[in-house]
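Colleague: Whenever a hint applies, use it, and build me the whole structure from the sequences.
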Amino acid sequence: MAEVQTFQPVTASEIVDAAKNMLNEGYRLIQLCCTKTPSEMDIIYTFEKTDLQSQNFKLPVNIGDTLPSISSVFFAAFLYENEIHDLYGVNFTDMAVDFKGTFYETSVKQAFSITVAEDKE
Amino acid sequence: MGERTIIPFGPQHPVLPEPLHLDLILEDEKVVGAVPSIGFVHRGLEKLVEKRDFHEMMYVIERVCGICSFIHGQGYVQTIEGIFDLEIPDRAKFLRTIWAELSRVHSHLLWLGLMADAYGFESLFMHCWRVREKILDIFEETTGGRVIFSVCKVGGVWKDIDNETLKKIVEVLNVVEQESKDLTNVFIKDFTVQKRTRGVGVLTYQEAIDVGAVGPTLRGSGVAMDLRKLGYAAYGELDFEPIVEKDGDCYARTLVRAREIYQSIDLIRQCVSKIPDGEIDVKVKGFPKGEYVSRLEQPRGQVVYYARANGTKYLERFRVRTPTFANIPALLKMLPGCDLADVPLLALTIDPCISCTER
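Chains as they are written, first to last, in this note's numbering: chain A, 11 to 131; chain B, 198 to 556.
Among these hints, one or two may not hold up.
To be verified - In the PhoX-like style, the derived pairs of lysine-lysine whose C-alpha atoms are separated by at most 25 angstroms in a straight line are: (1) B/Lys244 - A/Lys110; (2) B/Lys530 - A/Lys59; (3) B/Lys530 - A/Lys119; (4) A/Lys30 - B/Lys530; (5) A/Lys59 - B/Lys443; (6) B/Lys248 - B/Lys510; (7) B/Lys443 - A/Lys119; (8) B/Lys426 - A/Lys59.
Derived by calculation from the structure, the hints in this document are not laboratory data.
Modeller: Right, here's the structure in full:
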């Protein structure tokens, strides 16, 4: 049977503290995933322990929002944050490495922020 | 302190034919820092979920990589099955495990060949790939394809392997095991190989955890994490422990992959002895609705899939977090302190697949 999963809501002002709590509890970051649907947009933060236990956080965002980077807590976060910036147009402050929009050389800027349904209209 | 120089490495490099770019910061011949760049060939395959039926999308996801293609397909269907909360037949679970472990054997043999090539050890490279051909022949016989198999589907698998063929696979693997021993002995015992790899690119236990390293890169630093221990597919019914080496250097990462070849062969033998008779799929009704995060162990390490579905035939989002993407920060930790001449070899020890990363 499928693993039972929860997506704990978190806000932009809480995310750095939530990341610090995860670090203190022995978790490590395994992914950030941005999702945009016609009705909502959010970022999933997934953390994992060495015993493979995992935890997800869900942070609602909008295109053009500015979020605090968690790369000061989890260094690897800078890759995911640059990716989300280039594909979705969400900004992050204080990233460990800021590629300033050159992480992905896509022909269409913020290509993943346009849904097919919107494209057709 | 010597004068600092920045040397561009890649995206085209004779020893690393993958579009990965590193700006190497050097003091004389020593690397003191590195800044990575990817994104030269980003394909945006994930975006196709908005235009492809969720069943058809399996064939797209398989094409994320030409080496781990089966496990990408398996991860995709497992994620969708997670949303459906669908239990697939036991035989299908064992078949998926057999193909996944065969993929690991062929991936590790391919990687050992590339390592040999990086040393300039051409004959060893050719022998590794010669042995690997036997695995590709098994794929061709059981699925019809050598690279892209298209045997996974939501609810099970498309093709069965009869018990006679399973016995033949074990016989071929006995030969592969023997021939691999001759090859891996060179990687383990040869003085010149050890000279290039021992003490180079050390990633400590804590660094490996902190930077989110995965797979043999993580286990080569002594961290006993292997997603197969979650028990997905048939792994819950198999007896194995993660392969771990403690030194955290290029040699340790090589040893992990060499030993995992034998572990995978053993797992396939266990599968063949335990595989039950029965159906290979269940009927899937309706469309998925919900979201699910799935984690699997690919040859290169942990892969993470996320899917969100709204009850129509198209998914709203499907994401693949590939092992190479996760291992880039680990590479940045390993590089400082090494010689410029060691960089190609060191980069190879994370087994980079930019095809996956540029999904």
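Colleague: Return the numbers of the hints above that this structure violates; sort them in rising order.
Modeller: Hints 3, 7 contradicted; others consistent.
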